[in-house]
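S.K.: Each chain, written out:
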Amino acid sequence: MTDTATLTGPTGPRPKKALSPRNIMLYGTLIVVSLYYLLPLYVMIVTSLKGMPEIRLGNIFSPPVEVTFQPWVKAWAEACTGINCDGLSRGFWNSVRILIPSVLVSVSIASITGYVLSMWRFKGSEIFFAILLLGAFIPYQVLLYPVVIVLRELGLYGSLTGLVVVHTIFGMPINVLLFRNYFVTLPEELFKAARVDGAGFWRIFVFIILPMSLPIFVVSMIIQVTGIWNDFLFGVVYTRPENYPMTVQLNNIVNSVQGVQEYNVNMAATLLTGLVPLTVYFFSGKLFVRGIAAGAVKG
Amino acid sequence: MTKNSVEIRNLDLSFGAVKVLQNLDLDIHDGEFLVLLGSSGCGKSTLLNCIAGLLEVTGGQIFIKGHNVTWKEPNERGIGMVFQSYALYPQMTVRGNLSFGLKNARMPKPEIEERVKRASEILQIEPLLDRKPGALSGGQRQRVAIGRALVRDVDVFLFDEPLSNLDAKLRADLRVELKRLHEQLDNTMIYVTHDQVEAMTLADRIAIMKDGKIMQLDSPAEIYNRPRNLYVAGFIGSPAMNFIEGNIAGNTFTSGDLSVPVGDYDYMSGGAHDGAAILGVRPEHVLTDDMLPSADMTAKVKADLVEPMGADTLVWTSLEGHPFRFRMDGQAHVKSGDEITIGFNLTRISLFDPKTEDRL
Chain A
1 MTDTATLTGP TGPRPKKALS PRNIMLYGTL IVVSLYYLLP LYVMIVTSLK
51 GMPEIRLGNI FSPPVEVTFQ PWVKAWAEAC TGINCDGLSR GFWNSVRILI
101 PSVLVSVSIA SITGYVLSMW RFKGSEIFFA ILLLGAFIPY QVLLYPVVIV
151 LRELGLYGSL TGLVVVHTIF GMPINVLLFR NYFVTLPEEL FKAARVDGAG
201 FWRIFVFIIL PMSLPIFVVS MIIQVTGIWN DFLFGVVYTR PENYPMTVQL
251 NNIVNSVQGV QEYNVNMAAT LLTGLVPLTV YFFSGKLFVR GIAAGAVKG
Chain B
1 MTKNSVEIRN LDLSFGAVKV LQNLDLDIHD GEFLVLLGSS GCGKSTLLNC
51 IAGLLEVTGG QIFIKGHNVT WKEPNERGIG MVFQSYALYP QMTVRGNLSF
101 GLKNARMPKP EIEERVKRAS EILQIEPLLD RKPGALSGGQ RQRVAIGRAL
151 VRDVDVFLFD EPLSNLDAKL RADLRVELKR LHEQLDNTMI YVTHDQVEAM
201 TLADRIAIMK DGKIMQLDSP AEIYNRPRNL YVAGFIGSPA MNFIEGNIAG
251 NTFTSGDLSV PVGDYDYMSG GAHDGAAILG VRPEHVLTDD MLPSADMTAK
301 VKADLVEPMG ADTLVWTSLE GHPFRFRMDG QAHVKSGDEI TIGFNLTRIS
351 LFDPKTEDRL
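Protein sequence lines correspond, in order, to chains A and B. With full-length UniProt numbering applied, the first sequence corresponds to residues 1 to 299, in that order. With full-length UniProt numbering applied, the second sequence corresponds to residues 1 to 360, in that order.
For the record, the hints were derived by calculation from the structure and aren't laboratory data. Glycine included, each C-beta is placed from N, C-alpha and C at the ideal position. Do not take every clue at face value.
[Stated by the list, open to error] With the C-beta cut set under 8 Å, the calculated list includes, among others, these residues of chain B facing chain A:
id, residue
1, 54
2, 79
3, 83
4, 85
5, 101
6, 105
Start from the sequences and build out the full structure, keeping to the hints where you can.
M.R.: Below, the structure written as C-alpha cells:
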C-alpha cells in the first residue's frame, strides 16, 4: 500500500458507458414504441395536407408535393352532416358548451364528496363510498336506457342540461375516489387545528384544503375534460342533432356513405377533434403524474 | 363553584367495542400546569382530544370554567391547542396562521393586529410574521403554533406532545421557555407527553395514565418519592426502580439472606403489614463508599456490568436473585467483577403489596 496506489486507482464517480446493454435495451424499446404511435399520426398529418389526386396515388408515407390547407378549412367550416353544411365548427362549440359546465359541476361535487368522506365521516360513510365505487364497474351501456327514462321524466331529455347531468353523475365514482384518497393523505392535525380555530365545513375546505390540493384538482380536470370531450355514446344518445358534440359530428362526416370519401378532410377533421385533449395533456402532463402518484399512495 | 378550570366527570370513550377511557374523573385547578403522562396507547391523547372537543365522548361530562362544554364545538370551549406536528397552515404566512382563528370569529381588523402583535412579542417571532411555515425551523414553527393558541386569549391551553418532533437540545430550550411562558401567562395548561423529564420539570401535578385510567395524580415530588403503585414506581425514574420480592414479618423485610428492618417505614394505610411484599429502591438512592455510614442497612454485591456515563456510573448487579442497578459517583473506580458494599435509607424505600400492586 503506497501513495501511488491511491493515486492511480479508481477515484471519483465511475465512468458511464453510453452504449451499455442496458441503455441499448432501454432506448431501443422506447424508440420502437414511439414509432409505433407516431407513425399513424404522421400519416394523418401528411394526408390532411394533400389534395385528393395526390392521395389517389397511394403513397401514404410520402410527404405532400403540394401543401394545401383546403381540407382543414373544409373540415372546420364546410363539411356536411345531414342538412347542415357548416363543418365541425358547430360541433366544436356544442362540445365546449357541454364541456365547461360538466367539468365545473362534476369536479366541484366530486371534491366536496371526497372531502366529506375523508374528513367528516358519518355513520355509514364507508358503505356509501363502497357503493359509489361499485358504480365505476358498471358498464355505461347497461344504464343507457334507464337514464333515458329518468331524463325524460325530468324533462331534460335531449337538452344540453341533461347531458351535463349525465356526465356529472358518471364522472362521480372515479373522481370521488381520487379526491378522497388525496385528502386522506393530508395531515389530520391540520384539520383539527382548523376546527379549534373555529373554521366550519366550508371555511376549512376553502382556506385549508383547497390551497393544498392543486395537483389533484388538475388530475380530476384532465380526466373529466378528456373523458367528456372524447365521449361519443352519451352525446349521441342524450342530445338532439342540433346539440351533437364534436365527436358525433366527426363520426357523421367520416362515416358518411354518400359521395366520394375525402380522406384528407377526414384526417383533418379527426385531428381537429383530438386537438383539445392533446393540448391538455401537453400542458399539464407533469402535474397529472404528480397528482396520480399522490392519490395512489394511501387508500 | 370551585376554583377548578377544567372538570371531567365519569368520562367514557369507546371506539366501537374498544373502551379507551372508562369512568374517568379529573379536576384541574385554575392556573395549573397539569401533565398527562403515560406510554403510547394509554389514552392520554384521547383524553386531550375529548377536552378539546375533537372527539365526541361516549358518556360523562366536561366542564371548562364552570360551563358544561360536553356538546360544544372546539372553538366554543375557550381552549387553544398545540399539536405535535405543529399543524401550521402551509399556504398561509405566520401572520395568516395567527389571525385565521380570529378572522373566523369575525373580530375587527385593528384588534386582530393588536393581538397578533402582542403574541408575537411574547414569543419573539415578530421578524417571521411574513414568512411561510415552510421557511421556518422546527423551534420557530413550534413557537408559531403556540402563538396561534395565544392570540385567541383562551383560558386553557392544550399541548399534544409539542416537543416530540424537536432535537434534544432544542427540546430542552423550549421546555424552559414553556415553563417561563406559563409563569408569565398564568393560564391553565394541560400537557400530554410520554417523556418523564418533561413531565417532572414542567408539571405542577402529573397524572400518570395506563389503559385509560389515571394511576396517580400528584405533584412530581410525591410521584417520585411515594409512588402509589408498582406501575407508577416502575414508570417514573430512569433507570427504573429496583424491585425485590420478599416477605414482611415482625417489622422486618426478608428476601433470602437480605433482611431489612422496616419498623420506621411510613405506611400509607397507617398500620404495619405482615406477609408478602415487594421492596422498591431507586438506583440513585443506593448508598456507596463514604455515604455508607449513614445507611440504615448494608449488603454486599458483585458488579456484573459497569456503565460509566460521565456525571455518574451505573452498576448492574443482582441482589438475592433479582436484577439490581445502582448509581455511583462518576469518578468511582469500579469494574465488572468488583465486590461493592451498598446500603440504603429506610426513608427512601417503597413497599408494595404484590397482589394489589398498591403501595403499603
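S.K.: Against this structure, judge whether each hint is valid.
M.R.: Evaluation of the provided hints:
For residue 54 of chain B, the interface hint holds, since its Cβ comes within 8 Å of a Cβ in chain A; the closest pair sits about 5 Å apart. Contact between residue 79 of chain B and chain A, as hinted, is supported at the beta carbon level, the nearest pair being about 7 Å apart and thus within 8 Å. For residue 83 of chain B, the suggested interface contact is upheld, since its CB lies about 4 Å from the closest CB of chain A, less than 8 Å. Satisfaction of the interface hint for residue 85 of chain B is found here, the shortest Cβ-Cβ separation to chain A being roughly 5 Å, below the 8 Å cut-off.
Here the hint on residue 101 of chain B is kept, as its CB sits about 4 Å from the closest CB of chain A, short of 8 Å. A cut of 8 Å between beta carbons decides the hint on residue 105 of chain B: the least distance to chain A is about 6 Å, and the hint holds.
Checked against the numbered hints listed earlier, the structure breaks none of them; every hint is satisfied.
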